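From first to last, the protein sequence lines are chains H and F. The first sequence lines up with residues -1 to 306 when you count with our numbering. The second sequence lines up with residues -1 to 306 when you count with our numbering.
Think of the hints as simulated: they come from the structure by calculation, not from any bench. The model shown is predicted, which means the values in this text are computed figures rather than measured ones. Mixed in with the good hints, there may be bad ones.
Which copy is meant is left open, so a pair is good if it fits within one copy or across any two.
In silico SDA-like cross-links for lysine to any residue, where the CA-CA straight-line distance does not exceed 25 angstroms [claimed, not checked]:
| # | residue 1 | residue 2 |
| --- | --- | --- |
| 1 | K106 | L297 |
| 2 | K295 | Y147 |
| 3 | K69 | L267 |
| 4 | K158 | V34 |
| 5 | K1 | E183 |
| 6 | K91 | G37 |
| 7 | K186 | M(-1) |
| 8 | K186 | K257 |
| 9 | K152 | Y259 |
| 10 | K295 | E183 |
| 11 | K158 | L191 |
| 12 | K280 | P53 |
| 13 | K39 | R194 |
| 14 | K280 | R165 |
| 15 | K158 | F298 |
| 16 | K120 | N67 |
| 17 | K69 | D169 |
| 18 | K187 | F298 |
2 protein chains.
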Amino acid sequence: MSKKVKIVEVGPRDGLQNEMKTLSVTDRVEFIQRLVKSGLKFVEGGSFVSPKAIPQMMDSEGVWEGIKNLKEDFSFLVPNERGLERAIFAKVKSISVFTATSNEFNQKNIGMSVKESLTVIKDLVPKAKEKLKKVRIRGYISTAFGCPYEGPQKPHATVKILNDLFRMGCDEVSIGDTIGVAHPEDVKKMIGLLRRNKHFKKIALHFHDTRGMALVNIKTALDLGIRIFDSAIGGLGGCPYATGSSGNVATEEVIWLLKGYGFSTGVSLEDLLETSKWIETKIERRLRSKLYLSQPKRLFYGGRGRES
Amino acid sequence: MSKKVKIVEVGPRDGLQNEMKTLSVTDRVEFIQRLVKSGLKFVEGGSFVSPKAIPQMMDSEGVWEGIKNLKEDFSFLVPNERGLERAIFAKVKSISVFTATSNEFNQKNIGMSVKESLTVIKDLVPKAKEKLKKVRIRGYISTAFGCPYEGPQKPHATVKILNDLFRMGCDEVSIGDTIGVAHPEDVKKMIGLLRRNKHFKKIALHFHDTRGMALVNIKTALDLGIRIFDSAIGGLGGCPYATGSSGNVATEEVIWLLKGYGFSTGVSLEDLLETSKWIETKIERRLRSKLYLSQPKRLFYGGRGRES
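Next up, chain H with everything else stripped away, as it sits in the complex:
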């Protein structure tokens, strides 16, 4: 199986939008520049949502303005028609569209049922492709394993939505464990249903580390052939002391795990840890990434003696 893994850094969008502190456009641009400098090639840049709803993502146009000359891939979340207009006006090169398995979650999150959001996406995708030349489109399926309101979700619901999203023209679909309840056995079951899917190589997994299971889930998915993972530097997203909150799996821990298996990532761990330190001063709270918190002076693996 391939020894190459694609990491989609979601810190600047999924991470920051769940932080208490709102960062300036300047800081968000610097954040992304630092991430890119460490070797990350796919980064979520922001979100074309209402600044009233999510102030943390305000003026994502300004962020794009600051990074658009870089060669890496920066995607911007487009929740609806209004968002697409902004994306088209800004001439971004990658967009993301969003749905979930849970109606209640989707309603609270973007004000639509799952069915309604799929109708919107079906309309958005061709428009985006028409107006934004060669645009890359990523689909997100949230609450794929569990929903804070509805509880456990059936994997078949995800498979159905995933097929819909690819049929509508998405280039990649990310299956999200939004609240971090997936157990490796759930991951195994989900992937089992997808292994013969013709889009298998374009499926990403997106884990939150709410219960500390994210890396075991990634290891399980790696063994089953998945090669695209979303993560956020430092484990950004969600205040550690709020009930039920959860951050994304930490990029530095994912990279550490992957390097130890011999996967090529092209990412510098030292640079990532520097950026974690920097972003921590900006969000004004301690991060939760254990690798970061341990402040390793030397990055060596046990036993085999290889340095990272």
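Once you've looked at the hints, dock chain F against the given chain H.
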């Protein structure tokens, strides 16, 4: 392979001895009583070391006095002759002896080279067996994967010491990733060297979660047949904000992982989370266990829909 796993709860010893705050004997007794009530059957009770060296473990005799009528197995660390005298006087039923792969670590930790400590153990074990009827003896090998001073450690060093410890009469040997640098590939290599060992079923693995790898390491070891793991409730041990510090893998996360795989543990997760909450007030700092911090209102797994 067996669906039964033995968990050795090391919070009251390995955990507390690395906390800034020293708990009273009364609190340590209550702590152990709570752990036992949650279903844990093997608990480290304390350590017969000098209270000047490790004040957190002072009057371990008093702790034993408070728990000795319980039917569970409580082991007490015995670093030397003086410690053994105290263990004999207190009439404990289980003791632990301690060495490491790294000379420098062992010297700083117990003031002896590895060779010297093995000579001491060789002397202690028969004395313990003579004076304490049916005593159970556990050997610890620290820094088995890496040492803060010497760096990566060769797995062969661990295998050699492990064989020595069993030969000297240990009933169980715990291989410790004291500073949490083991990668699953290191764990795989280590277990590969031990799979044909006649004592394989009596080998425990002891992970610290310094780099967030502990649960992946446990999963890897489970797949390779290991059925004894050490853990500490809440991920006790080591201040989260001190450079290079690291707590044990959190018992509640290990139990959550195991239950999801269908292993029988006999432990109540709800009770564990209650005890994490209680111990947090005693050590006066936030724990680092992500499962605990997420304060789950409902303990459900994703996808398959099973409640814990």
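#### Entry: In rising order, the numbers of the hints this structure does not comply with
4, 13, 14 and 16
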